[in-house]
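Now for the letters of each chain:
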Amino acid sequence: MQPRPLHERFMEATAEERHCRASRRGFLAGSARLAGAGAVALAVAGGTGFRRFASAQELASDLDVLNYALTLEHLEATFYRVGLETFGPDDFDVDVFANLEAIRDHEAAHVATLTDVITQLGGAAVEEAEYDFGYGDDAAAFLAVAQALENTGVQAYDGAGQFLADPALLTAAGGIVAVEARHASYLNDLNGDVPFPAAFETPLTPEEVLEIATPFIVQ
Amino acid sequence: MAVRSIHTLLYPSAPAGRSRRGVLTGSARLAGGGALALTVAGAQLPRGLRSALAQEVVDVSTPAAVLNYALTLEHLEASFYRDGLDGFVEGDFEDGVFANLGLIRDHEVAHVETLIAVIGDLGDDPVEEADYDFGDAFDDPEAFLATAQTLENTGVAAYTGAAQFLIDDDDLLTAALTIHGVEARHASYLNRLNGASPFPDAVDGPLTPDQVMAIATPFFVAAPDGTGGTTGTEGTGGTGTTTIPATGIGSLYRSKSGSDLPEKLGLLGLAAAGAAVALSRWEGTRLAKQQNT
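The listed protein sequences derive, respectively, from chains A and B.
Just so we're aligned: the first sequence equals residues 19 to 237 in this note's numbering.
Just so we're aligned: the second sequence equals residues 29 to 321 in this note's numbering.
These aren't lab readings, by the way, just hints derived from the structure by calculation.
It should be emphasised that the depicted structure is a prediction, and the values quoted were computed from it without experimental measurement.
Keep in mind that a hint or two might mislead.
Simulated coverage check for chain A against chain B, where a stretch passes if three residues somewhere in it have a Cβ under 8 angstroms from a Cβ of chain B [said to hold, decoys possible]:
#1 89-98
#2 147-160
#3 169-176
#4 214-227
Here's a subset of chain A near chain B, in silico, CB distances under 7 angstroms, partners left out [said to hold, decoys possible]:
#5 Phe105
#6 Arg200
#7 Ser203
#8 Asn209
#9 Gly210
Glycine is no exception: its CB is placed at the ideal position from the N, C-alpha and C atoms.
The whole structure should be built from the sequences, with the hints applied where relevant.
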């Protein structure tokens, strides 16, 4: 018997649960709303880093995958670094700020580690870009963007894992995506959503991730 | 060194399709211990558990075997929530918790059903649910949440460690990752419910199958009085908790790769600095292809 494509089966299994989770389009729409029209307009000209790795959907080498991941980690690391300079503990419920700091530190560690590994592999690590997250001085909007970023991060790693050829790198990436999922669970909860909206994650292609992330990238 | 599924290693006389709640055993100690969950998150095992590492090798030589390894853990989880939540009511937990635990149960059941179907499609036999003993976890909401935390964090680490065995099958790998992420979401939530950090490390530590076995073993009980043990061709089929013979299976990896990958992977559990070190040492670690070789 010819096994059916696994994604087909998994997607079937998740179909009935999808109604309870924010759809990809929903995330996109939410992100775009939060980022604001100006950011979206700017993004048309921006997002070149993503286009290089994503639009062609060419994650041909481990280096490509790692730089794709690093592009997202830069986005996240900057988001928290700048955001937590903008906001203070009093802007959130008790304990939230400390957890956001932990997340910030994780994303910074991911950036540092990925940069190191890419360099050791003889590659050129992508650099941090300029971003516009559109939350202004609204702490609730900040948390909503954080939620979108973390959930997208999980989906991006899940979609890109298959392109890694080195088992050790795959294990490392698995260790990172698990942490992104932990963050996503927490931020879903903070934003009043179910921490684990479906029995299976929905992996995204680089192109789909580009679509979501582009509005945040100015330059 | 024999190679068998983790299920048959843990439960040599597994009866088909039945689940019985076992009597209380030493697993209660584990169930109540937040310390274990913390060690799981750190991918480090107490020496006592290390000594229980299996002599026999968990079979991860084919994609179906890897999925059966995953299914073994999903059975454990699904059974835990299904049977455990039957004995609790909403008021046993803080607001919203019972509903979320019900969601987690549904997820684990969905994982079981999907893995069974996929393993069948691959032409292999999916492992059956076994008999488990969760100690006092079904009597005490706090113990239930602590055990749930242990199971979920172990699950995340098991998937993190096993993904590499599916590296040659893109679809299966991706599918496993989509489960892995959900286990991590559960773990995050349960950590917090238990008063621990939802995300204690920058990089989650992987566990090898032998490490997972050491954690899972106390939850497995042998078929009482030999019932259901008639098919125990490799096991004892006797009473009492299945005993896993000592000596490590780290050699599983070494024998196949000639690398010190497990040690490097272990470092990944040691927070960000450790992860950086481990990643920086990735070079030269090439596992032999896990399939078609």
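Going down the list of hints, with the structure as the test:
1. 89-98: violated (count 0)
2. 147-160: Coverage by chain B is violated here, the residue count being 0 at a Cβ distance below 8 angstroms.
3. 169-176: Held - the segment 169-176 of chain A has 3 residues with a Cβ nearer than 8 angstroms to chain B, which meets the minimum of three.
4. 214-227: Contact hint for the segment 214-227 of chain A vs chain B: holds, 7 residues under 8 angstroms.
5. Phe105: violated (19 angstroms)
6. Arg200: holds (4 angstroms)
7. Ser203: holds (4 angstroms)
8. Asn209: Violated, about 14 angstroms.
9. Gly210: Nearest chain B Cβ about 11 angstroms off; hint violated.
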